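Heads up: the sequence shown at position 161 corresponds to 161 in the working numbering, and the numbers run straight through without jumps.
Just so you know, these hints were derived from the structure itself, not from any lab.
Accuracy of the hints is not assured; some may be wrong.
[Claimed, not checked] SDA-like, lysine to any residue: derived pairs with alpha carbons at most 25 Å apart:
#1 Lys87 x Gly169
#2 Lys78 x Glu149
#3 Lys78 x Gly214
#4 Lys209 x Glu196
[Unchecked claim] The following label-pair restraints were derived from C-beta to C-beta distances:
#5 Glu149 x Met1: 37 to 47 Å
#6 Thr31 x Lys125: 46 to 56 Å
#7 Leu54 x Lys79: 40 to 50 Å
#8 Gln29 x Glu49: 19 to 29 Å
#9 Lys177 x Lys209: 45 to 55 Å
#10 Asn106 x Ser73: 17 to 27 Å
#11 Lys208 x Asn72: 22 to 32 Å
#12 Lys208 x Lys125: 52 to 62 Å
#13 Asp207 x Ile61: 44 to 54 Å
#14 Phe88 x Ser127: 23 to 33 Å
For clarity, every value in this text was computed on a predicted model and none was experimentally measured.
Just so you know, even glycine gets a beta-carbon here, dropped at the ideal spot from N, CA and C.
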Amino acid sequence: MKTIAYYISDYGLGHCTRSVAVIRELFNQSTTPLKIIICHSFGVQFLKESLNGLNISYREIQTDVGYVLKANSMDVDKKLLEKSYLKFMDSFSSKQNAEEEFLIANNVDLIISDISPLPFKPGRKLSIPTIGISNFTWYTAYHGLLDEEHLIQLKEAYTDMDYQFTLAGSADPDWSKGNKESFDFFSRLSDESEVERIRKEINPRSDKKVIFFGLGMKIDVPV
Numbered sequence: 001m002k003t004i005a006y007y008i009s010d011y012g013l014g015h016c017t018r019s020v021a022v023i024r025e026l027f028n029q030s031t032t033p034l035k036i037i038i039c040h041s042f043g044v045q046f047l048k049e050s051l052n053g054l055n056i057s058y059r060e061i062q063t064d065v066g067y068v069l070k071a072n073s074m075d076v077d078k079k080l081l082e083k084s085y086l087k088f089m090d091s092f093s094s095k096q097n098a099e100e101e102f103l104i105a106n107n108v109d110l111i112i113s114d115i116s117p118l119p120f121k122p123g124r125k126l127s128i129p130t131i132g133i134s135n136f137t138w139y140t141a142y143h144g145l146l147d148e149e150h151l152i153q154l155k156e157a158y159t160d161m162d163y164q165f166t167l168a169g170s171a172d173p174d175w176s177k178g179n180k181e182s183f184d185f186f187s188r189l190s191d192e193s194e195v196e197r198i199r200k201e202i203n204p205r206s207d208k209k210v211i212f213f214g215l216g217m218k219i220d221v222p223v
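Sequences and hints are given; from them, build the entire structure.
Below you can see the structure in the form of structure tokens.
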């Protein structure tokens with residue numbers, strides 16, 4: 001039995017949906033029995049519904065801050081972001097120590113993160129291989145929003161990444177010092193029965209073209 005600790009960003013459901021695709025394939029393609037421990041909080045119910053029946057357990061922790069948006073807006077609230085970020089990072093070393101204890105207690109063989117900074121340093125310290133998967137890191141996302149002096153600890157965390165799988169649109173540096181692979185867009189498989197149900201509900205006469213556009217990013221604005 002191989003145990004994977006899979007860390008997923010708490011910002012929105014985009015990280016969750018692509019992690020669902022990766023996790024399903026890990027189980028489909030693995031030649032040895034797998035156990036995956038998902039470390040995440042925001043979208044746990046969505047993950048449980050999407051990954052039902054697989055050998056997965058859930059550990060609810062805050063994995064990062066993400067963005068903080070202004071009310072009824074898609075603009076970042078820089079002051080609130082800085083406040084939330086500094087609060088999270090104030091105990092970052094203690095959080096990393098807690099992750100180290102968790103990894104030891106659960107005999108973790110591999111760490112995957114999309115794209116929480118939490119597990120990379122503990123993984124390096126324990127010689128557990130780490131993989132970062134994303135089209136960005138929070139270090140590059142916060143450039144221009146937070147002072148560089150506040151980002152030093154975050155940068156150091158990503159520098160401990162062993163392998164870096166960048167997705168389409170990434171402009172991040174090579175954190176893994178040569179162990180970097182690039183991939184195109186991908187998604188989880190759709191549920192055709194659910195697609196058909198939605199289509200019949202909103203377009204019962206099949207006389208319109210239906211386009212779904214998800215804002216994502218925890219955006220909550222009146223439509």
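Here is what the structure says about each hint:
no. : hint                        : result
1   : Lys87 x Gly169              : violated, 30 Å
2   : Lys78 x Glu149              : holds, 15 Å
3   : Lys78 x Gly214              : holds, 24 Å
4   : Lys209 x Glu196             : holds, 13 Å
5   : Glu149 x Met1: 37 to 47 Å   : holds, 44 Å
6   : Thr31 x Lys125: 46 to 56 Å  : violated, 29 Å
7   : Leu54 x Lys79: 40 to 50 Å   : holds, 41 Å
8   : Gln29 x Glu49: 19 to 29 Å   : holds, 22 Å
9   : Lys177 x Lys209: 45 to 55 Å : holds, 48 Å
10  : Asn106 x Ser73: 17 to 27 Å  : violated, 41 Å
11  : Lys208 x Asn72: 22 to 32 Å  : holds, 29 Å
12  : Lys208 x Lys125: 52 to 62 Å : holds, 56 Å
13  : Asp207 x Ile61: 44 to 54 Å  : holds, 48 Å
14  : Phe88 x Ser127: 23 to 33 Å  : holds, 27 Å
The structure fails to meet hints 1, 6 and 10 from the earlier list, while all remaining hints are met.
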